[in-house]
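Fit chains B, C, D, E, F, G and H with the ligands to the given chain A structure using the hints.
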Amino acid sequence: MSTIPLGPVLDTAHAPGDGARVVEPKTPALLLTNHHHLCPGCGEPLAIRAIAEAIEDLGLVDTAVCALGIGCYTSFGSTVDIDLVQCLHGRAPSVATGVKRMLPDATVFTLQGDGDMVNEGLQEVLHTAARGESLTAVLVNNGVFGETGGHMTATSVLGQRTKNTIEGRDAEYHGYPILIGDLIAQLEGAAYVARGSVHNAGAVARTTKMVRRAFETQRRREGFSFVEILTMCPTGWFIPTGEGPDYLASTLGEVHIMGELKADGQIRTTEELHAENVRKAAELEAQLARGGLED
Amino acid sequence: MSTIPLGPVLDTAHAPGDGARVVEPKTPALLLTNHHHLCPGCGEPLAIRAIAEAIEDLGLVDTAVCALGIGCYTSFGSTVDIDLVQCLHGRAPSVATGVKRMLPDATVFTLQGDGDMVNEGLQEVLHTAARGESLTAVLVNNGVFGETGGHMTATSVLGQRTKNTIEGRDAEYHGYPILIGDLIAQLEGAAYVARGSVHNAGAVARTTKMVRRAFETQRRREGFSFVEILTMCPTGWFIPTGEGPDYLASTLGEVHIMGELKADGQIRTTEELHAENVRKAAELEAQLARGGLED
Amino acid sequence: MLAEYELLLTGIGGQGVQLGAQVLARAATREGREVMFFGIYGGMMRGGNTDSTVVVADAPITAPPVVARAWSAIAMHDEFWVPLEPKLRPGGIVLLNDSTFTTTVTAPVTVVRLPATELAAEAGNPMGGTMVMIGAYSALTGLVTLDALVEGMREAIPSYRRQHIEANERALHAGFAAAPTDIGAPRAWEGALT
Amino acid sequence: MLAEYELLLTGIGGQGVQLGAQVLARAATREGREVMFFGIYGGMMRGGNTDSTVVVADAPITAPPVVARAWSAIAMHDEFWVPLEPKLRPGGIVLLNDSTFTTTVTAPVTVVRLPATELAAEAGNPMGGTMVMIGAYSALTGLVTLDALVEGMREAIPSYRRQHIEANERALHAGFAAAPTDIGAPRAWEGALT
Amino acid sequence: MTTTTTPTRALMEGSEALVRAAILADCRFFAGYPMTPFTEVLEHFAALLPDAGGVCINAESEIEAVGMAWGAVATGARAATGSTGQGLALMQESFSEATLAELPLVIFNMSRSQGDYFQATRGGGHGDYRHIVLAPQDVREGVALVQLAFHLADKWRNPVMIYGDYLLAHTQEAVSVERVEFPPLPEKEWAVDGSRSGTGRSRSVTPLGVTKVGQRHFGQEGKAQYIATKMAYVEREARAESGFCDDAETVVVAFGSPAKFVKYAVAQLRDEGLRVGWVRPITLWPFPVDAVRAATRTARIVGSFEISSGQLVDDVRIAVAGAAPVEFIGGVSSDHSGFGLGRLLDVDEVRERIRALHEGRPQPPVPGYEEFTYEPAPHQLAPTPEVTP
Amino acid sequence: MTTTTTPTRALMEGSEALVRAAILADCRFFAGYPMTPFTEVLEHFAALLPDAGGVCINAESEIEAVGMAWGAVATGARAATGSTGQGLALMQESFSEATLAELPLVIFNMSRSQGDYFQATRGGGHGDYRHIVLAPQDVREGVALVQLAFHLADKWRNPVMIYGDYLLAHTQEAVSVERVEFPPLPEKEWAVDGSRSGTGRSRSVTPLGVTKVGQRHFGQEGKAQYIATKMAYVEREARAESGFCDDAETVVVAFGSPAKFVKYAVAQLRDEGLRVGWVRPITLWPFPVDAVRAATRTARIVGSFEISSGQLVDDVRIAVAGAAPVEFIGGVSSDHSGFGLGRLLDVDEVRERIRALHEGRPQPPVPGYEEFTYEPAPHQLAPTPEVTP
Amino acid sequence: MTTVVKSRGTVTIDVESCKGCELCIPACPPAVLTMSAPVNKRGYHYPELHPGCTGCAACLMVCPDYCFEVFRFQTPVEHEVPS
Amino acid sequence: MTTVVKSRGTVTIDVESCKGCELCIPACPPAVLTMSAPVNKRGYHYPELHPGCTGCAACLMVCPDYCFEVFRFQTPVEHEVPS
Ligand SMILES: Cc1ncc(C[n+]2csc(CCOP(=O)(O)OP(=O)(O)O)c2C)c(N)n1
Ligand SMILES: Cc1ncc(C[n+]2csc(CCOP(=O)(O)OP(=O)(O)O)c2C)c(N)n1
Ligand code: SF4
Ligand code: SF4
Ligand code: SF4
Ligand code: SF4
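Chains as they are written, first to last, in the working numbering: chain A, 1 to 295; chain B, 1 to 295; chain C, 1 to 194; chain D, 1 to 194; chain E, 1 to 389; chain F, 1 to 389; chain G, 1 to 83; chain H, 1 to 83.
Only chain A is shown next, with the shape it has when bound in the complex (with noise of 0.2 angstroms):
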């Protein structure tokens, strides 16, 4: 924390004027509105933006083509300015699938929830990885369904706060989480595969990235690609939003580790996760430190 002594509220209503220019990541142009009907604090708004950032940055925005989930970041349908085919509750892999198999040179992702992927639809996610479908899946992670208010989900991580857990998941009664990337990245079909996060800015733009790769994967025709996105959901979890970061941090991302676990051709271990992730953390704070986050 800094210790600038705190001054005037400065107008923040205006744009200043001619002496100063608009800084990168600017809010991308496919989010159509911020008026989304998301709770205070969720972190999904910010994986999508992440996703934007992405097809924006990499000049695809005229192949880009969703096929999305059923969760709470189904209202996003209708805020991106993004060809849409909504699917059922866990079918995005398989209607991705068809839609890539007739538009080969679009550029095709999936957005789905933990609730959505992990449990509904577990074997969609897995056959399209294993046939090595070019395409991108994304997945929203936050350890519940949000938008039946809560529950746990199959990747809840042990102690996790969720409506029928509300003393925290256990083993004994619950049974264990599912580690869906490290799962997809057994996977030969999966030729890339990374899990971030949005609980803070360094790990936005770090999943930003991660989204990025996984797009050039597919122009590539290497193979699938998936990122799973671990995102805060105070409101399932019973928790203030302003919480919702550092409780991430200590539960799911405790357990969901972050970090490329497949790239190249390699799977990473846990342990050479954990220690690249100690790495990156410091180097993001001190270029945050130094005043920006631009390469």
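Don't read these hints as lab results, they were simulated from the structure. Idealized CB from N, CA, C, for every residue including glycine. Take these hints with a grain of salt, some might be off.
Claimed, not checked - Short, incomplete list of chain A residues facing chain E, as computed with Cβ under 7 angstroms:
#: 1; residue: Asn119
#: 2; residue: Glu120
#: 3; residue: Phe145
#: 4; residue: His151
#: 5; residue: Ala154
#: 6; residue: Asn164
#: 7; residue: Thr165
Positioned in the frame of chain A, the structure of chains B, C, D, E, F, G and H with the ligands alone reads:
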């Protein structure tokens, strides 16, 4: 191969008289008949025998309940003297869960094929394993849908002949196989995971032991136990029956590596399993040459 | 001779309308009445519509859970009031939270305006406006007793909110005390086959 | 004036009944006839029932694929014959493989017995009994020509069985030659609107 | 008459009352997957079953939920699952096969509208299966019908569905959940527990019509025929109630929560002197053909009021069999979320529809309907050519 | 008249002819999962689509198959999926939502019997969805109707099902698969390809009734109402044929392969001088109400012949509306595997059933039926007590 | 006493879209964002900017409601701030 | 010339259940099983036993049709076999 000169054909229609005793393993009493309608050279009846033998050996007969999948093996529902819950295609793990939760003292096992388990019901077995349900799942894996005529499944290995890959499965067209045992071994709820085969007598003996260990795991309530058994399907592979064992060893067997993938809390790597396999094969052959398998 | 009494409650998210209806319904249940209660509210967000219907009767209720006509209403805010006004039965009664309900009511019913927010604040319970109103409603209509309301409120508060019980009790009493009982408001159960 | 000719083929698994029906159906197709063919057979196992129905006509076929009456039949074995015999139309014709069909046929039809298995063996095609029979059927009924049968057979044999084509051709010819054409068997197409 | 307060009498939402009734009926297993407005049924089972010595699993999907319930039922336990429209659609294969397997499964359908009438009564499973479907009009009746559901499931070894809706699930009522007594049922000799394995008399719970070698063998065809003839007996379980039908010129048929609106509106119209009446199927299958026929005996016209585009009306037409014209007087209607029953479900609306039917006037538009009426394109108005001779 | 041999005329099994017709109708995507008797449809698509520039995926399950087809259709391609009973049951959620999403999906239902009539016409999906269902009586007609299916799907942006059966799939016929011409259809402006992403005019293919911010917004309720009113227009696509009905005292209704048996048997009975006739719905939905009504105008009695325990009979009853009694004269019947249509499907059997109907005699038993008739237990014959006041 | 605080950048905040989650507050490295005392139309507090912004865009990256746009000055702006 | 071949064991074979798959033939370590010239009722060849069985049960373990039962002699039986 031995070099005994061939003598006359002996009487094999009648049991020998008093001077002889029946050798273990006998055909288990749980098998009500040997008139089943499976094809010549099919490996599934051997897997069934292994299960029946393990149950009898462990004295668990009057606790055994089978949740049976849909495939060629379904016909054993009526020829094996075990309380049966027939399941729909792919659903056996969930059904077994319901059975086990209501009958915690029963020895509950599923029997499914690769089409049933790894295609239609992939997520059922993964979720059940992740929940750590205290039951045993047995997979008979022949890499094809036998029942419907020998089409490729999600476990068919590259190069394998099936009805729709008569020149061999090709990754480009058909994607990559799923190594289901390896995936399950990754799940924390899985306590015991092994992969055997029935392509020769040694493999059958080893597989029977795996099934026994799986049931012991269940009886000790340590979590989910899983035995995958590679089986011949000469009909679906479009080869002569006599070539089944070798074809199995050289295709499925080279990719779905046999051995105990997870036992006593240890996950074993492919390399470790390979080494173990070579050693055990040698041992068994020696034992057979010495004239018997009884320990 | 009316055997079924309908009450509509309306307000905006955050005013405690659903809890108020819940308390009233529980109070009537405790008094052995037949009770039906149905609430409608938007998602998690503040400021949205929140409505609820309570029907209390002395014989099995024939009204469906969404009523077309109501004997009484409590309106904490006028934002979503318009479609409700025509539902009031002539001769009925409506209680308005004067603090946040600024429009006029023209329906041929007894209209009672109370500064519920202020009364609640005075009772040391700034969020207790709806409690004040149902306290007053009890005094005016006699549909439920004040004692039953207090008991119903104790029942309705979830265990992790136990600390609010006393403040709510004060608000109920304040509302009961503030109600103008001399205005000839329609009374429940009079002439009914209780 | 009969415009639709039904043929039932029956035998046991391994006798080539389905292939025989297939060849006949293809032959008739080549000759521009309307053709319908439906086969029933057990699973992979040998020795099971195998039946097939072929209908040939010179106008769109009105008969359903499972026929209740048949103008003709070829029986390679008597194991599953019993339910078929009553289906024969009076005045029709049945060809029996004398080698494996030992029971008697009492239906009022022309009965022709041929030692098909032996004739096939003589023609150097021990598995070609059914080919012999359809060759004879062609000679007796004229439903299809021998040339069309040969062409139909070439079409029906899968590529990996190409080596059997010649032997089958010999069997067809052998059957055609062995048929007793002077017995007044019913002929197809005579009087029909061809 | 004031009902006396009993210790068990309490204000509770419909979902909770139904769950408490199920537990009172010895339901000891539940598995489900959240979906509005069914979610609370799952939540109450999860909260209440463990203390009753039962098990509730938050299944990973609907298909897994019904599989788990299948397994539990096979052991002879009383067990249930449930969902709403989409989730039940996913369970259809299991539902139809459960009928062939003669599994006494109970299904809680908290529907989003009445547009799932076909799903409930005819299903999307395959083959000739039927479920008994009980449609309570309110929480009070729901408590009784849930217990009846478990009884009938065991009596007939056939799945039974409770068809509820958003209102039933969420309306709170002062209810006392009390046990309903039923005649005794035989032991479940057919249920598995492993104890007969190895005795030569082991059991088979299966939809495939197979049994163990040496036992009576049905085969698929035999089993299907057996079930089809069983259904003729189950048809005797048809239930309905009616009111004001003795001399009614106009009779309205409705079920579930909407029936309460119809009954209320009909009573109002009777007060106005109109000769209208109502009949309410309590079992949607078996459809109470005789009761509907009797109730419409004096009718000049019959209306089917339902929140759908017209499904119940088929069964009404079959029952009335031309004795009077049958008109559909309901409509598609939901709240903006798609979960609730919408603006059509309002006593005033319902009354005006019945009045219009009675007076031979066209039905008033469904509120908000005009806006989304389909406008066919010119190519759609052109007839499609014949393709076959 | 001998048909001249054209190069494309060949003997092929029904499955192959249907698949060739689909490809001729520009079907370029197929996904399916093997299941008898649908398996061959999948096999022929797998063999023939790649050479036509299309894609066939051997999907890992039925639910995945329909998802893939959903995606392909969303791009504007003509695409299809299929299965039989159980497999289609698993697809029900997708089928009903595909209707709301206005996806012109074509479904090949190679059914195991006619007991899936309800599944096809009323579905187990949720909500008020309907599919156009075309039921060819033979391979020749199948070739035309498959092409019609793709046309109608696009014309109405609604799923269309081909209802075939074991006989249709496996019967070989000499057929010439020729293109049927249809009027032109508009461009698929609604289909996605990514090209309008980022332009402010990006597209939404969705069942949820939502659109992009700034575009016309339906909402779930609006979309459901929109679809319901669309269906009224689609009802114009009803098709049927009939024979001998001008003066028929007895009329039999049947569809699909069994209709061929009925037609043949009726012709035989006419030869015997009996005044019997037949009417065959070609579209099962929309049900040809007018045609059935017209065909039964002179009837004293109407029979519904179907291989099921009685499903089509419901629609016949609704259509005939009491003008004549409607009797069910079909039955459950299959071969021992459960796949084929069984012993009831025999011209002699069918003729005797029609004759019995005509002569007012009870129906003869279904062959083999007696053995598996359900015998109720005493506790099942006792009435169940009332549970509500 | 006052210090001179340099702002290398600044932001715009769409306060009416803010849902008061407070994620931006700890995200800001120089800690120049604080929550407002007043509430917006929907009843939420929102962030206010004080001098010292570096234009790093961390706030933008963590705001779920896309309330921020970030700018960098060509020449930093200086504010005198009581310290 | 003859050799004496010792059979430590023997087997029974249910030839009517045999489907002629030949899996037992290579499974037999002493190679004393051969396929028959004649066929059973269903048309399949089946295995025949020659002297030299060790009673190892390998055949039993690989036979999918459960055709074998295996026995061991208390005293091995000897056969004179032409070599
Ligand atoms: C077949 C089916 N079952 C259940 C539902 C209800 N449902 C809607 S969203 C949802 C949970 C979504 O969870 P997740 O994908 O994790 O997304 P989140 O809401 O947490 O963003 C469920 C269960 C549904 N729409 N369809
Ligand atoms: C829902 C459903 N889809 C398809 C089928 C058809 N079917 C029956 S068995 C089978 C394949 C079984 O394959 P597998 O489990 O590998 O067993 P195998 O036949 O090889 O022993 C299929 C696809 C079915 N019965 N149910
Ligand atoms: S741009 Fe950086 S320094 Fe400026 S307010 Fe945002 S987080 Fe703080
Ligand atoms: S992160 Fe965005 S929504 Fe949250 S408080 Fe800051 S400005 Fe408001
Ligand atoms: S028991 Fe062993 S030695 Fe004897 S026949 Fe069998 S495999 Fe051969
Ligand atoms: S293994 Fe069994 S079935 Fe196969 S040939 Fe030997 S005895 Fe026959």
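Hint-by-hint comparison with the structure:
no.: 1; hint: Asn119; in the structure: holds, 5 angstroms
no.: 2; hint: Glu120; in the structure: holds, 5 angstroms
no.: 3; hint: Phe145; in the structure: holds, 6 angstroms
no.: 4; hint: His151; in the structure: holds, 5 angstroms
no.: 5; hint: Ala154; in the structure: holds, 6 angstroms
no.: 6; hint: Asn164; in the structure: holds, 6 angstroms
no.: 7; hint: Thr165; in the structure: violated, 9 angstroms
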